[in-house]
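Student: Could you put the whole structure together from the sequences, leaning on the hints where they help?
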Amino acid sequence: MDNQEITIQTEEIINNSSVIYGEQQYCILSYTKPSGNSNVNAWSRLPFDVQVDGDRDGNDFVLSNGSNTLPVAFKWRGGAPVNGASIWEEPGPGNLTSDQQGATSCDEQPFSQAWVRFELLSSELQGVLPGSYSGNFSVDIGQDSTGYHSDVNFTVNLPTLVKISGLDDMVLTGRGNNRYRQEEPFCVFVSGGGDYRIRASGGAGSTEPFLLSNSNDSIPYRVRLSSNGSNLNTVDPGEWLDATNSSTSLNCNGGTNTKVRIVVLDSWINGKPAGVYKGTLYLTVEPS
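Be aware that the sequence shown starts at 1, since it is given in UniProt numbering, and climbs by one per residue.
To be clear, the hints were calculated from the coordinates, so they are not data collected in a lab. Treat the hints loosely; a few may be bogus.
[As the list claims (entries may be wrong)] In silico DMTMM-like links for lysine to aspartate or glutamate, alpha-carbon gap of 25 Å or less:
1. LYS259 <-> ASP169
2. LYS278 <-> ASP236
3. LYS163 <-> GLU208
[Stated by the list, open to error] FRET-style restraints, in silico, Cβ to Cβ:
4. SER64 <-> THR10: 19 to 25 Å
5. SER213 <-> VAL152: 51 to 57 Å
6. PRO93 <-> THR284: 41 to 47 Å
7. GLY205 <-> LEU121: 30 to 36 Å
8. ASN83 <-> ASN253: 41 to 47 Å
9. GLU5 <-> ASP60: 55 to 61 Å
10. SER38 <-> GLU12: 43 to 49 Å
11. ASP99 <-> THR69: 29 to 35 Å
12. ASN177 <-> LYS278: 23 to 29 Å
Just so you know, even glycine gets a beta-carbon here, dropped at the ideal spot from N, CA and C.
Tutor: Following this line, the structure appears as structure tokens:
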């Protein structure tokens, strides 16, 4: 098994918990061949299992970046178990994977297919700095007395991760001077607490106009975003706004750290037929 480099950047809900993970597919071979016979047609698959030990006391799976550490869950999946379906397993200390059928060639799929995966709970991202974390894990592959051992270096790249949460639907009922307006607070998380930038659009396209519509008519609206959690700035569709008030907590510890305001002037409504006008506002954040 060669050294592996994996990027953690995908979120998934597993057992009601938010998990961030990265995975990598590779080829794994296990076969027997008659002595001195190089004819691949004479080779046969050899069933095997996998065990992986960490490199820290207690055999925990901990990766390092200088003085920073990243505890992870290590998972493995084979493409062709002897029995049952291909599933994610945790081949930790003293815990073997299910038997796999083996393969004589990387072209022999799904028998040659295998995946490694590193997971961490989203709640554990608080205080974890972006960067490349690595560690050497002890990998044993084989069956009974026949086996292969290797110390494999795993490198996990943890990019700067961002997430918007806490947004709800808005109903424009608030009144200002000759206008309707409504504010919605929400949370912006950036791993490591770095700066970010945010933009808005009225559709999936980055520069689609801000419009509330019914079947036949539409009403424009104005969008104001905050750069620091308090001050508001009017933005055009697709216009980036630099912001400095990110949270290192995935959900701002249950609170919010920024807001958006929607404004509709009375003059934009005048002459429009009565009805319900709806629109979807798309907000995008990325690290600065």
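Student: Hint by hint, note whether the structure agrees.
Tutor: A quick look at each hint next to the structure:
1. Our distance criterion of 25 Å between C-alpha atoms is met by LYS259 and ASP169, whose separation comes to about 13 Å.
2. Distance restraint check for LYS278 and ASP236: the Cα-Cα separation of roughly 19 Å lies within the 25 Å cut-off, and the hinted pair is therefore satisfied.
3. The hinted pair formed by LYS163 and GLU208 meets the criterion: a straight-line CA distance of about 22 Å does not exceed 25 Å.
4. About 22 Å separates the C-beta atoms of SER64 and THR10, a value consistent with the hinted range of 19 to 25 Å.
5. Taken as a hint, the range 51 to 57 Å holds for the pair SER213 and VAL152, whose Cβ atoms sit roughly 56 Å apart.
6. As the Cβ distance of PRO93 to THR284 is approximately 43 Å, the hint placing it in 41 to 47 Å holds.
7. For the pair GLY205 and LEU121, the supplied restraint of 30 to 36 Å holds, since their beta-carbon distance comes to about 34 Å.
8. Checked against the given bound of 41 to 47 Å, the beta carbons of ASN83 and ASN253, roughly 46 Å apart, stay inside it.
9. Against the hinted window of 55 to 61 Å, the Cβ-Cβ separation of GLU5 and ASP60 comes to about 21 Å, which falls outside the hint.
10. At about 44 Å, the beta-carbon gap between SER38 and GLU12 stays in the expected band of 43 to 49 Å.
11. Separated by about 34 Å at the C-beta atoms, ASP99 and THR69 satisfy the suggested range of 29 to 35 Å.
12. Checked against the given bound of 23 to 29 Å, the beta carbons of ASN177 and LYS278, roughly 25 Å apart, stay inside it.
In summary, the one numbered hint that this structure violates is 9.
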